[in-house]
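These protein sequence lines are chains A and B, in that order. Counting in the working numbering, the first sequence runs from 1 upward without gaps. Counting in the working numbering, the second sequence runs from 1 upward without gaps.
One or more hints might be untrue.
Far from chain B by the CB rule (all over 10 Å, computed), these chain A residues [what the hints assert, rightly or not]:
1) G94
2) L109
3) V224
4) P579
Where chain B lies over chain A, by a calculated footprint (3+ residues, C-beta under 8 Å) [what the hints assert, rightly or not]:
5) 47-56
6) 346-360
7) 444-454
The hints are simulated quantities; they were obtained by calculation from the structure and are not laboratory data. The beta-carbon is built from N, C-alpha and C at its ideal position, and this holds for glycine as well.
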Amino acid sequence: MRNFFRQYIVLFLITLISAAGFCALSYLTVLQFSIQSEEQYISTCNSGLINEIETSLTFGKKLSNYYGLSQVLSKAQTLLPEGTILTMTSFDNGVLATTKGEEHFIVSLEDYGTVEQTIHDDNNAEVGVLTTYYDKQAVKNRIIPVMRTSVIVSIAIIFAAFIIIFLISIKVSLDSNRVAAILTTVIMLQGAFLTVNYSDAFEETANQSIKSVASYVSMSVNNVLDKGVHIDEIEGLDTFLNNVKRENTFIKDIRIEKRSTLSDSETYVVGINETRNDMVIAFDVSEENIRMIIIQMVLMFAATSFLSIIVMKESLTLHDMIAFRHSKDFNTETNEQFDIIAKSIRYGNYLTLTFDYMCLSFAALQIKEWNRGFMSMPPAMAAALSISICQIADLMGMFAMPSLGKKIKAQYIMTVSSILLIFANANCFFTHSVMIIILMRFLSGVGAAGLKQVRNMIISQGYANEKQLNQNLQASNNGIIAGLLCGMGLGGVIAVGFGYQTTFLVAGIGYIVYLIFAAYCIPWKLLSQRKSGSMADEEEGNLLIRIFSIFRSVSVWRTIFMIVVPQYFMLMIIVCLIPGRIQRLELPGVVLTYSNLLNGVVGLYVGERLYKVFQRVIKSNLRIYIVMLITGAGTLFMLDIPVYQTFIILLAASLVGIVDGVGSPVATDLFMGNAYVMKYLNDTEVLMLYSVIGSAVMAVAPFMLELCEKSIPWMYGTGLILLVFVVLLLPSVGTQKAKK
Amino acid sequence: MKLIHFKVFLSEIASFGGQIKKTAGRIVCIILSLMLTFSFTGCRSRDVVEVNLEKQDHDFLLTPCKKENGEAFTIAFMDLGPPIESSYLCLKGLAEGLQDSGYIDADVPLSLAPQDFFEYYDVLVNSDLGGYIKFCEEPYMIDEGDNKDIAKELIEKTNNGTIDVIVATGTDPGLFLKGLDLPVPFLVCLATDPVASGIIDSADDTGDPDIWALVEPNPYKRQFEGYYRMLEFDKILLVTVNGMDTITGNPLYREAADELGVNILELNFEESDMHANDYEDKIANGIRDANLTGIDAALFAYGTMDDDNADMLSSMLARRGIPSLVGDGDSICENGAMMCLSCFDYEGYGNYASMVLSNIFHGRKAGEQPCRYTSSPHVVLNMNTAEQTGFKCTFGFLQGVDRIYR
């Protein structure tokens, strides 16, 4: 009974967190659409002002002595929503004019969004920028009531579901599959409600945007008509209307016609000062575009709900771990304990990778946004440094960690590394200094290396037989895939909704969660005992010398170049090649979202099952790996098929997911199964070396995949190379010996 | 049964909380102590943009002020009589600029004031402007004579402090005021070339701390370039008057044409021709006899086309599909010329003079104020002539046109 309630509470918390996340992400998606629509309108309205200023610049006026510019801006401001501030900045002289009426003022970017439009001189050189600060809160206010309804209904759905679970569970026992099915239904229900709820709000936003654009257009036309021109005397009015139409997604057509000829009830009509023929401007709403955007929104919601389900599915193991933590078998060498170790490896990896990838690229983007350099470096270089310094620290850390691991307990390395990551991420959130960000990213790299060492130590010490080692490797890989999937997805949404630096805050909080989880659920005492027991068998001597020693063997070279390198190369297809193909084929952005999602889901769940099937049917790891090489080669060959391109892309992403889900644990196992490697290195060191080789391949692979993306012969050629490896590995099949 | 379930449920929540409390408590302590160290990166401030308004090429003190004794400044306005449209626009720009800066009360309905120089001036004199400034009862209109009475009155009033500053439009009023050597500053906000005419020494140094004059850099050249951008002509008929180069900018038109690779067919008249009774016939015959083959447009330099002959000349050209462009004068357009693209923004001049005036009220020297002012283009179009000529009025072009006549 106690176990049931423990499970119940954990499930409830997990579902609540997932559903809250889903609510927040859906709101942010709609907010993003609303902001885009607002910005489209502002850009359209400002085009008249920009035209006026640029015409004056063409006639020899300079921005620096454009006296009365504030009045010009104030006139344009009347077209824009209330509370909007316009500023004109000259690249040579700074801010020259504003509608604010104050010489110094502060604009909070939490309250104001910005639209920047460049000003060109007669030589088409950029001389300044017109910045529009619009009231972001007003945009938010429009969808907050809908968001509130979403939250209330979502909470109601969850509570209803849990009451149902509670009532059912009194009579029927609940296994994890049933719970997962119920919770998936909950998320699906919530998704369906959110879609319906936000679709209406979104349509309203689109219609509001059309109304605003319509009043701008009618005002512009009336300004000309009021000068004494008749509508039929104006040449090129169609061009102006077409430009407005092109800039505004929700408008299908804008035309000027007689009021009497209007028939379409869907058309939005504004009057103009053309009395001669009683003309009006008619705006046709682009139902197709609104529907397309709503479909994209639904697809985004669906992708978000998948993420929520993954978060929930991965977290479902938590209650097993917490329950086992209280059992008397905790920290004992029982099969159940080793099973729990595999689960904790998976969940630990899932957490760390999620938070690692959540903020990975945002330090660079933040530096670019600040537009500040570091020492004598330009901003672009400082931004690149923030990424590479993290990788460098990670690689250096991985070399240093094995020797530290011998002297320091894994538990302490975990604690120190987590604290380092919490500290570094919190500082990245707090700081406004490029130097601090770069320094903190270095510390993050060190912390990440520490956690990798801890992971390797748990994998290598947390098993009693070959099957359990495989289980650990599989769990580790699955945790990584799930973490990558959620980290990249969530990071992007948080960055868009709350700013780049918020990703660091969330990551910092995430590492606190990891620290609590790891300190509480991992059997450190048992691992420490097993470590002391294996210390006697360990190789002695300098690690670097021992690493160099293994390279004397041809079999090690063969394993690295025919197994480890191709495996990591194939993993990069989803990162580098498929996005490039999507861009080249001009497929919608949502295809990329779903490619990543499918890749992760297939790798994580299908890969796991398939691996077990392969182990049962094919048995030999090398044979399984050969199948993966053929799959990888097949993916490269299929990417250029000219029909059903979206389907081909999604299929390729799924196949690469299988290569990841099945191939990664197999490749690790084959590397660890190399007798020569194992002669000189212990399990932890082997895993460290495997990661280092992987990092090196991942650094080089993008360049090669870039060539594949640009040139089909390169793509086919690379596929053929993978098939050559298949041919070269075939003679070894059957001679492969079990590790140790 | 259900009650027992509920009790177990509650006790489990408590026990679960207690179990994680110990571990979490320690970690929270560590985190809190870490937070203290964040101080070295500073507390996080909100994401903000700090906007600091930089000064333009010259800063203006645009807050209204009074004389040291608390009285309003008195402005005298001078022009060469009778005032023309440019004088009215300049006065209007000056008044609106002063209103924007707060020297004239915002409630004074200047936008509703009549579009005539004297009537507009009357509004300024008869309204309660707010106590910062006031205008002399009458504008000073000089003529081509010696203007002794005006000179006497100005000397007297500037010496006894009745007039604090003089604003003048036109080259002649500028030279007249300079000759009087008055003890108050004066501003010439409309003169074709105040340097060439000797009102000031140069745009960088006026040569007298009490004299300021607005200098428009290269207006004719910019005008020619502007016409070229709109009409993209390869060959143009340029109608000029010899001996009036400073006012009409003929050399600058030629220079601009040369730079743009435009061929010029020039039709020259003498200054005496303009005053002759048969000038209208002369210029009409000149155009009729000219070889207009390949001519894409005709530009009438200042003085060659006027209100009287505008209709006849522009119709002649329109019939041959040649746009008639003028050097200056909205009224010429009103009377028939197809287009006037002026780089003399008279309202803008008045507006700019109001900012200079404010600086002077704040105690700065007139001669130290920046003289250069580059106008935005001012475009006037005659729609009927444009239609006769076959000129396509695009929406973008019409948006930029300031006034349309028929």
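Tested hints:
1. With a cut of 10 Å on Cβ distances, G94 of chain A falls inside the contact zone with chain B, its closest approach being about 4 Å.
2. The beta carbon of L109 of chain A is not kept farther than 10 Å from every beta carbon of chain B, the shortest such distance being approximately 4 Å.
3. Under the 10 Å C-beta cut-off, the non-interface status given to V224 of chain A relative to chain B is violated; the minimum distance is some 5 Å.
4. Residue placement check: P579 of chain A keeps its beta carbon more than 10 Å from all beta carbons of chain B (closest about 29 Å).
5. Judged by the Cβ-Cβ criterion of 8 Å, the region 47-56 of chain A is covered by chain B as claimed, because 5 of its residues qualify and three suffice.
6. Counting residues of the region 346-360 of chain A whose CB falls under 8 Å from any CB of chain B gives 0; the rule of at least 3 is not met.
7. Here's how the region 444-454 of chain A fares: 0 of its residues keep a CB closer than 8 Å to some CB of chain B, so the rule of at least three is not met and the hint is violated.
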